[in-house]
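Same order as they appear, the protein sequences are chains A, B and C.
For the first sequence, the working numbering gives the first residue as 1, with consecutive numbering after it.
For the second sequence, the working numbering gives the first residue as 270, with consecutive numbering after it.
For the third sequence, the working numbering gives the first residue as 596, with consecutive numbering after it.
I should point out that these hints are in silico values taken from the structure, not numbers from a laboratory.
There could be a bad hint or two in this list.
List time: in silico SDA-like cross-link candidates among lysine to any residue, alpha-carbon distance up to 25 Å [claimed, not checked]:
| no. | chain 1 | residue 1 | chain 2 | residue 2 |
| --- | --- | --- | --- | --- |
| 1 | A | K8 | B | R431 |
| 2 | B | K375 | A | R263 |
| 3 | C | K794 | A | S46 |
| 4 | A | K259 | B | Y355 |
| 5 | B | K363 | A | L22 |
| 6 | A | K261 | B | N351 |
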Amino acid sequence: MNHFEIIKAYWKESVAYRFEFLVSVLIVPVRFFILVMIWSAVYYNSGSDSIQGYSLSSMVTYFLISSLVFTFVHDTVAEELENEIKKGNFLVFLLKPISYIKLGFLKKIANRSFAVVVEIVPIVILFIIFFRKYFIMGELGFFAISIIFAFVISYLIYLLIGMIAFWLINIRSLAWLISFGIQLSAGLFVPIDLFPSVIRGIFNVLPFQYIAFVPTSIYLGKYGWDLSSGFVSSVYFPLLIQISWIVGLFALTLFVWNKAKKRFSGVGA
Amino acid sequence: MKIIEVRELRKIFKSYERGEGFIEATRSLFRRKKRILKAVNNVDFSINEGEIVGFLGPNGAGKSTTIKIMSGVMYPDSGSVNIMGYVPWIDRKKYVANIGVVFGQKSQLFWDLPPVDSFYLHKSIFSVEDDIFKEELEKLTKLLSINDIMKKPTRQLSLGERMRCEFVMAMLHKPRIVFLDEPTIGLDIFAKEIIRKFIKRTNKKEGTTFIITSHDLEDIEHLCDRVIVINEGRIVFNDKTTKLKSENRKYVTIKFYNKVNLSKVKKIKNVKIIKKLSDYSLKLEVDTSKISLNEIISVFGNGKKIEDLDISNPPITETIKKLYRA
Amino acid sequence: MTSSIGLWLKSALTHIASRMAYRGEYFISLISMFVLELVGPIFTYIIYYNSPGFAGWTFYQVLLLQGIFLTVKGFSFMSFLGIIWNSNITLQRGEFDLTLIKPRNPLFMFICQSFDAEDTAKFVGGVLLSLFAIFHIPAINWTGLLIGLVAMMLGVGFFFSMALFFSSFIFRFIRSMRVYDVLEIIAMIGNYPKSIYPKLAGTLFTAMLPIFIVAAIPAKAILGEVTIDILISGISVIVLVALALYTWFSTIKKYSSAGG
Numbered sequence: 001m002n003h004f005e006i007i008k009a010y011w012k013e014s015v016a017y018r019f020e021f022l023v024s025v026l027i028v029p030v031r032f033f034i035l036v037m038i039w040s041a042v043y044y045n046s047g048s049d050s051i052q053g054y055s056l057s058s059m060v061t062y063f064l065i066s067s068l069v070f071t072f073v074h075d076t077v078a079e080e081l082e083n084e085i086k087k088g089n090f091l092v093f094l095l096k097p098i099s100y101i102k103l104g105f106l107k108k109i110a111n112r113s114f115a116v117v118v119e120i121v122p123i124v125i126l127f128i129i130f131f132r133k134y135f136i137m138g139e140l141g142f143f144a145i146s147i148i149f150a151f152v153i154s155y156l157i158y159l160l161i162g163m164i165a166f167w168l169i170n171i172r173s174l175a176w177l178i179s180f181g182i183q184l185s186a187g188l189f190v191p192i193d194l195f196p197s198v199i200r201g202i203f204n205v206l207p208f209q210y211i212a213f214v215p216t217s218i219y220l221g222k223y224g225w226d227l228s229s230g231f232v233s234s235v236y237f238p239l240l241i242q243i244s245w246i247v248g249l250f251a252l253t254l255f256v257w258n259k260a261k262k263r264f265s266g267v268g269a
Numbered sequence: 270m271k272i273i274e275v276r277e278l279r280k281i282f283k284s285y286e287r288g289e290g291f292i293e294a295t296r297s298l299f300r301r302k303k304r305i306l307k308a309v310n311n312v313d314f315s316i317n318e319g320e321i322v323g324f325l326g327p328n329g330a331g332k333s334t335t336i337k338i339m340s341g342v343m344y345p346d347s348g349s350v351n352i353m354g355y356v357p358w359i360d361r362k363k364y365v366a367n368i369g370v371v372f373g374q375k376s377q378l379f380w381d382l383p384p385v386d387s388f389y390l391h392k393s394i395f396s397v398e399d400d401i402f403k404e405e406l407e408k409l410t411k412l413l414s415i416n417d418i419m420k421k422p423t424r425q426l427s428l429g430e431r432m433r434c435e436f437v438m439a440m441l442h443k444p445r446i447v448f449l450d451e452p453t454i455g456l457d458i459f460a461k462e463i464i465r466k467f468i469k470r471t472n473k474k475e476g477t478t479f480i481i482t483s484h485d486l487e488d489i490e491h492l493c494d495r496v497i498v499i500n501e502g503r504i505v506f507n508d509k510t511t512k513l514k515s516e517n518r519k520y521v522t523i524k525f526y527n528k529v530n531l532s533k534v535k536k537i538k539n540v541k542i543i544k545k546l547s548d549y550s551l552k553l554e555v556d557t558s559k560i561s562l563n564e565i566i567s568v569f570g571n572g573k574k575i576e577d578l579d580i581s582n583p584p585i586t587e588t589i590k591k592l593y594r595a
Numbered sequence: 596m597t598s599s600i601g602l603w604l605k606s607a608l609t610h611i612a613s614r615m616a617y618r619g620e621y622f623i624s625l626i627s628m629f630v631l632e633l634v635g636p637i638f639t640y641i642i643y644y645n646s647p648g649f650a651g652w653t654f655y656q657v658l659l660l661q662g663i664f665l666t667v668k669g670f671s672f673m674s675f676l677g678i679i680w681n682s683n684i685t686l687q688r689g690e691f692d693l694t695l696i697k698p699r700n701p702l703f704m705f706i707c708q709s710f711d712a713e714d715t716a717k718f719v720g721g722v723l724l725s726l727f728a729i730f731h732i733p734a735i736n737w738t739g740l741l742i743g744l745v746a747m748m749l750g751v752g753f754f755f756s757m758a759l760f761f762s763s764f765i766f767r768f769i770r771s772m773r774v775y776d777v778l779e780i781i782a783m784i785g786n787y788p789k790s791i792y793p794k795l796a797g798t799l800f801t802a803m804l805p806i807f808i809v810a811a812i813p814a815k816a817i818l819g820e821v822t823i824d825i826l827i828s829g830i831s832v833i834v835l836v837a838l839a840l841y842t843w844f845s846t847i848k849k850y851s852s853a854g855g
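Next up, chain A with everything else stripped away, as it sits in the complex (with noise of 0.2 Å):
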């Protein structure tokens, strides 16, 4: 099975779909832009220079390197797959010689690779044009890694909450409750870390922090954080944690998935 030609064939879907990238390049830069006003008129309001350990540039390079990197894990399996369960069209991929999961994550590397290209290294050009006075070079070795990790982990977390669609048939909205409070505690909105400490320890455990959150941090050296007893500043701590996450997940995977295809074939239609 050549999963390069796999990939390719999802390439060439995504091209047919380039107008809805364009809207995201469209629309990214804009919210950026609002996001710089809000923190500009706190950060003068403020008359401080630094807010939980944050300087403006540091604040706008993590929203940037958040964004990018969001983008970059992005993923509309939840979406598809419950689609397919609705309209009765799941079977057709259990007539395939190949496992959904194997290939919607062929797919994701497609559609992924075609959103770099159509996506980032625009919204990049559009920031060093408008915002490169805020913008700090960072750490780019482990971070390519630790994004790398990211991209696994939100296919799974997602691929997950697209199972849910086995049993419970309309998955819209709680998909939508799980993907905000991923983004919550992934650190899109807000840095992690400016939330009260209490917050920060409920989303240590879950692994949503390690999908766009940690990456940043990463980025801007601020490796490790606070176990609320010691700070463990090696870059490796987190990147392990991330690969124990894949692996957990990955399992939970399997599981429900099995479970998934019995209650599937249950279901009739």
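Start from chain A and add chains B and C according to the hints.
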């Protein structure tokens, strides 16, 4: 040689009843009625390699379920299925590499891309070798006349064009068995003919086994060697298609010199009145295994009272309707 | 007129009933809908937790603004914004003709068909949030409150024009846009006081694309400050609605004469 063996297959479905209207809907929030449907209720049959078999049955009778179990997409509750030595739902990945499936209502093609792109994806997923793929693609493209349309995005194709492309995709990996679920639904007569010719030819030349479910009795008559009728989860007919046609039942249309005496005719055993065509003629249905045509003629006064007599076979639809009603 | 309101109500209740048939899922989705809207308030809370926040605004004042935004947005989503994704679905299935053959105004029918039972949570949630914020604000201006309510209604008009424009776009170009994302941007812009924006953006969103009329202006009014902005934005909304109606109906005309 038996290629499909199904023994004592059973499958039940549970469904919940939901009420109508606002009040019923609110009530259903707290309590729902459960319904159990025996979709497949102890089904047994086998199919030989190279046969074209049709599955018939009223909607909800269990034929789609049986097909889904045979294609490995569904698990039965009990019973055994052996196809080409595989248990479909257990050896799924290895098994499906040898079968082709066309669902009349579900598409396997990329919606916004031309079918040819879906074909190449299919090639990778089914690990079809380059030269075999090229050969099959050329052959199938010609047979199903899709050369002009396979480079247009699927969403721009008509239903008939799309179905032909679905067929090509299902056959690209040279499957030994092909399952067709309502393949000609909604198609015009030309599309139907192309597809029927294709099935017959492939069956003859490659020895491919075809399993077809359809409501289109013409499909069944034209294509199938054998028909299995499923009603309420059970097999009520499993025999050659030709048997559906005759089955000892004949229509006899009689024209008399005198006016028909209905009450007298009603008393005759093994003869049923289908329709009174006029004061002088009747259409009857007779079971020739129970009463011979000679006996019928003699009943009516040694034929002296008969001006005209016509005998015909009841159409297959009548037979099917009976089987559905049983 | 009353028959139209009756029809709208009946279709709204039918939509809710059909969602209720999904029992638990419906309740989860109601809760999800509301929680999702808490992004703004949570973000605001974090800002005020870590800094003095926005100049001239206390936390609860900003919360009031966001509650108002959610109320208006929720009402709009529930009542008619569904026509946007309905345009998409209808187009895919070629079903819009079914709407055109009913003996009523097609826009009205389309709106009735697009009622979203889940977004009732947004509306109710917005009201609750606003009340919660008001409860924590020492003094409110009662005339300002009336003016604020008028402004909110104009805000509904703003969303109405957006719904029509997006729907027309989908019918015209037979493409689905990432409408959620565009609406998210609108929500982001409108969820904060006008004062944080640079002058140019402030003028843009008051006069040309009057997002501020939805919440920033009403909130200020309730807190005792009414400016000419409400007049400018009001006129802008009326112009937009007229333009949107014209666009929608002419698009539909083209659609049906083109044979769908």
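Structure-based check of all given hints:
1. K8/A with R431/B: Holds, at roughly 23 Å.
2. K375/B with R263/A: 20 Å, holds
3. K794/C with S46/A: 21 Å, holds
4. K259/A with Y355/B: Judged against 25 Å, a Cα distance of about 22 Å means the pair holds.
5. K363/B with L22/A: 40 Å, violated
6. K261/A with N351/B: 20 Å, holds
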